[in-house]
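> Line by line, the protein sequences are chains A and B.
Quick note on the working numbering: the first sequence kicks off at 1 and runs consecutively.
Quick note on the working numbering: the second sequence kicks off at 1 and runs consecutively.
These are computed hints drawn from the structure, not numbers from a lab.
All values reported here derive from a predicted model rather than from experimental measurement.
Keep in mind that the hints are not guaranteed to be accurate.
Stated by the list, open to error - Every beta carbon over 12 Å from chain A, so not counted as near; a handful from chain B, in silico:
#1 Pro8
#2 Val11
#3 Ile12
#4 Thr17
#5 Val19
#6 Gln29
#7 Leu68
#8 Asn70
#9 Ala72
#10 Leu74
#11 Leu76
#12 Thr78
#13 Val116
#14 Leu117
Claimed, not checked - According to the in silico footprint, chain A covers these stretches of chain B (three or more CB under 8 Å from chain A):
#15 32 to 44
#16 107 to 115
Stated by the list, open to error - In the BS3-like style, the derived pairs of lysine-lysine whose C-alpha atoms are separated by at most 30 Å in a straight line are:
#17 B:Lys41 with A:Lys68
#18 B:Lys41 with A:Lys57
#19 A:Lys81 with B:Lys41
Just so you know, even glycine gets a beta-carbon here, dropped at the ideal spot from N, CA and C.
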Amino acid sequence: GQNIDQPTEMTATEGAIVQINCTYQTSGFNGLFWYQQHAGEAPTFLSYNVLDGLEEKGRFSSFLSRSKGYSYLLLKELQMKDSASYLCAVSHSNDYKLSFGAGTTVTVRA
Amino acid sequence: GAVVSQHPSWVICKSGTSVKIECRSLDFQATTMFWYRQFPKQSLMLMATSNEGSKATYEQGVEKDKFLINHASLTLSTLTVTSAHPEDSSFYICSASEGQGGTDTQYFGPGTRLTVL
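Go ahead and model the full structure; you've got the sequences and the hints to work with.
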C-alpha cells in the first residue's frame, strides 16, 4: 500500500518562494511525480524524479530522497496564476499505478 | 505534444440513465489509459486501468458492471457509467501513457463533470 502525506494548505505572497513537502511509504518505488491542478481542471504534469537529487525546471524545482521517502516541490518567484492544488504522486514498481496524495492548495496573495 | 481530450466536458443526466465518456490521445499512441474519479476537495482515486485490446483492471471497490471500460484502439478509451445515480456525480478524469504507466508520464484529459439528478 501507499501512504502519501502532504500539507493541506499553504499561503504565500507574490514573488516569494514556497516549498511543498511530500513524504511517502511504499512497498515498491518507481518514481515520484508532481502535478498542478487548478480548480475544476485536470492535473498537468510538472516534474518526475526517480533518482535522488534536485531537478530544476524554470521557476519550479523538485527534490527526491529515496532513503528518506521524501520529496519537495519548490516554487520560486510566485505568481498569482500559481494558485492551485499541487499533487504528489508515487509510482510503484509492482503494478505501474500512481497513488496520489490529497494535494496541497497553494494560495498566492498580492 | 502529449495532448489528451475528453468528451463531453460536462453532462447532466437523470437517475437511471447511462452516460458514456470518451478519452482520446491526440498526438501519441496510448498503450495504457487510466480512469480516475475525484470528489470535491479530494484527490484523484484510480478506478481502473485499461490496455488496448484487453479487459480493464478495476480497483478494489469499483463495480466493473457499473463502470464499463472499453479500450478499443491505441488512441481511444471509453467509460460508460450505467444506471447512474446521484452518488455517481463526480469529476471523472482519464489519463494516457505511452507505456504501462510506471516511469512513463501520465497525461491527463480535461475531465468530465457528471451530475446525476
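> It remains to establish, for every hint, whether it holds in the given structure.
Okay, the hints, checked on the actual structure:
{"no.": "1", "hint": "Pro8", "verdict": "14 Å, holds"}
{"no.": "2", "hint": "Val11", "verdict": "15 Å, holds"}
{"no.": "3", "hint": "Ile12", "verdict": "16 Å, holds"}
{"no.": "4", "hint": "Thr17", "verdict": "24 Å, holds"}
{"no.": "5", "hint": "Val19", "verdict": "18 Å, holds"}
{"no.": "6", "hint": "Gln29", "verdict": "17 Å, holds"}
{"no.": "7", "hint": "Leu68", "verdict": "20 Å, holds"}
{"no.": "8", "hint": "Asn70", "verdict": "20 Å, holds"}
{"no.": "9", "hint": "Ala72", "verdict": "21 Å, holds"}
{"no.": "10", "hint": "Leu74", "verdict": "17 Å, holds"}
{"no.": "11", "hint": "Leu76", "verdict": "17 Å, holds"}
{"no.": "12", "hint": "Thr78", "verdict": "17 Å, holds"}
{"no.": "13", "hint": "Val116", "verdict": "18 Å, holds"}
{"no.": "14", "hint": "Leu117", "verdict": "20 Å, holds"}
{"no.": "15", "hint": "32 to 44", "verdict": "holds (count 5)"}
{"no.": "16", "hint": "107 to 115", "verdict": "holds (count 6)"}
{"no.": "17", "hint": "B:Lys41 with A:Lys68", "verdict": "28 Å, holds"}
{"no.": "18", "hint": "B:Lys41 with A:Lys57", "verdict": "27 Å, holds"}
{"no.": "19", "hint": "A:Lys81 with B:Lys41", "verdict": "19 Å, holds"}
Checked against the numbered hints listed earlier, the structure breaks none of them; every hint is satisfied.
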